[in-house]
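Here the protein sequences come in this chain order: L and C. Following the working numbering, the numbering of the first sequence begins with 25 at its first residue and continues without gaps. Following the working numbering, the numbering of the second sequence begins with 25 at its first residue and continues without gaps.
Keep in mind the hints are simulated off the structure, nothing from the lab. There may be inaccurate statements among the hints.
Claimed, not checked - These stretches of chain C come out as covered by chain L in the derived footprint (C-beta under 8 Å, 3 or more residues):
no.	region
1	42-52
2	91-97
3	108-115
4	130-137
5	140-150
6	166-177
7	184-193
Don't be surprised by glycine CBs; every beta carbon is placed ideally from N, CA and C.
There are 2 protein chains.
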Amino acid sequence: MKDENWILREEKDGPDLNYIKTHIHKYSKKGSSDNLDILVISSADAANVIPITPEGEVILVEQYRFGTQMTTLEIPGGLINPDELPLDGIKRELSEETGYTSKHWKSIGKLPFNPVYHKNFIHHFIAENVILTDQTNFDFGEEITLKKLPLPQVIHQVKQGQLAHPHTISAFMLAYDYLIGQIP
Amino acid sequence: MKDENWILREEKDGPDLNYIKTHIHKYSKKGSSDNLDILVISSADAANVIPITPEGEVILVEQYRFGTQMTTLEIPGGLINPDELPLDGIKRELSEETGYTSKHWKSIGKLPFNPVYHKNFIHHFIAENVILTDQTNFDFGEEITLKKLPLPQVIHQVKQGQLAHPHTISAFMLAYDYLIGQIP
Chain L
25 MKDENWILRE
35 EKDGPDLNYI
45 KTHIHKYSKK
55 GSSDNLDILV
65 ISSADAANVI
75 PITPEGEVIL
85 VEQYRFGTQM
95 TTLEIPGGLI
105 NPDELPLDGI
115 KRELSEETGY
125 TSKHWKSIGK
135 LPFNPVYHKN
145 FIHHFIAENV
155 ILTDQTNFDF
165 GEEITLKKLP
175 LPQVIHQVKQ
185 GQLAHPHTIS
195 AFMLAYDYLI
205 GQIP
Chain C
25 MKDENWILRE
35 EKDGPDLNYI
45 KTHIHKYSKK
55 GSSDNLDILV
65 ISSADAANVI
75 PITPEGEVIL
85 VEQYRFGTQM
95 TTLEIPGGLI
105 NPDELPLDGI
115 KRELSEETGY
125 TSKHWKSIGK
135 LPFNPVYHKN
145 FIHHFIAENV
155 ILTDQTNFDF
165 GEEITLKKLP
175 LPQVIHQVKQ
185 GQLAHPHTIS
195 AFMLAYDYLI
205 GQIP
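For reference, chain L alone in the conformation it holds in the complex:
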């Protein structure tokens, strides 16, 4: 849904970085002569997955994040390649980051990455009966430690803010009722 109140006056490209492009959008408001310079970030869509083993454990990844300069515990995910469907991209990312694969995938929806700054979306998935079949193959810029924790404990930790990434939290929210139904 477009908004009639904002007029996009100019688009300038900022630096192209690893994986993302930056843009400055100059807006004015209908009936006003003031301008707003807005940072907009574009990239491929992203995807992430809640991977669950046959024993009901969730595979999590711990990795260094450059914004906060801290290590965070998250679900696996990453950017989709230009030639991939979201499901194919997340199958690849799960294998590369964890070595786990699955034949039981479920799409649980997509959301804006962050509608304030980003043009792109993130696609959320659940993978059940994941098993360790592959060698991990990290991208440059990734250094990942795996954790395997029981689903009820992971849901508790998400509610406590201990999985401190907004897209991990949104995946658990979209999956919430389904996951609760899987706990024996």
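Based on these hints, arrange chain C on the given structure of chain L.
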């Protein structure tokens, strides 16, 4: 927690925009000569709030977002001023965006804004028994429509991905057990 594997080689400032500063951080990995150029965004911390009326309705704001160029439905929130505590900042934002105020505030935790790109954090709150006492006072760049919906319906819509902002979703996740306990 710092990571020993990544060495920050250089920090360059990018453009200063409305409300945010951009930086390019050049990293190399221990034992590698390759570099990564990373976009890092800094700003004040943000805060948002789930405002609930005495009748059990949630006050939501619908506004245009410049990243996706779409209107989204969210809970109220914004950036904290340099001289404010998070609680004072969100009391001000709630009043400015909606005209509602409350004497019953509860902090439900803070999370990284997005640990991949942003240095700052978002502080989440619940405000109960909110009542309409003030005139709204929008910032330049805000154009807000209010919605008032019953709490059970809002929780359902959050799970369906219809409140399409990651920080609205994370507020509901941190508040989840408390909110479910408030539904008669």
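Hints, verified against the model:
1. Chain L is given as covering the region 42-52 of chain C, and this holds because 6 residues of the stretch bring a CB closer than 8 Å to a CB of that chain, at least three being needed.
2. Here's how the region 91-97 of chain C fares: 6 of its residues keep a CB closer than 8 Å to some CB of chain L, so the rule of at least three is met and the hint holds.
3. Residue count for the region 108-115 of chain C with a Cβ under 8 Å from a Cβ of chain L: 0. That is fewer than the three needed, and the coverage hint is violated.
4. Chain L is given as covering the region 130-137 of chain C, and this holds because 5 residues of the stretch bring a CB closer than 8 Å to a CB of that chain, at least three being needed.
5. Residue count for the region 140-150 of chain C with a Cβ under 8 Å from a Cβ of chain L: 4. That meets the three needed, and the coverage hint holds.
6. For the region 166-177 of chain C, the stated coverage by chain L is not satisfied: 1 residues place a CB nearer than 8 Å to a CB of that chain, which falls below the threshold of 3.
7. Check result for the region 184-193 of chain C against chain L: holds, 7 residues qualifying (beta carbon to beta carbon below 8 Å, three or more required).
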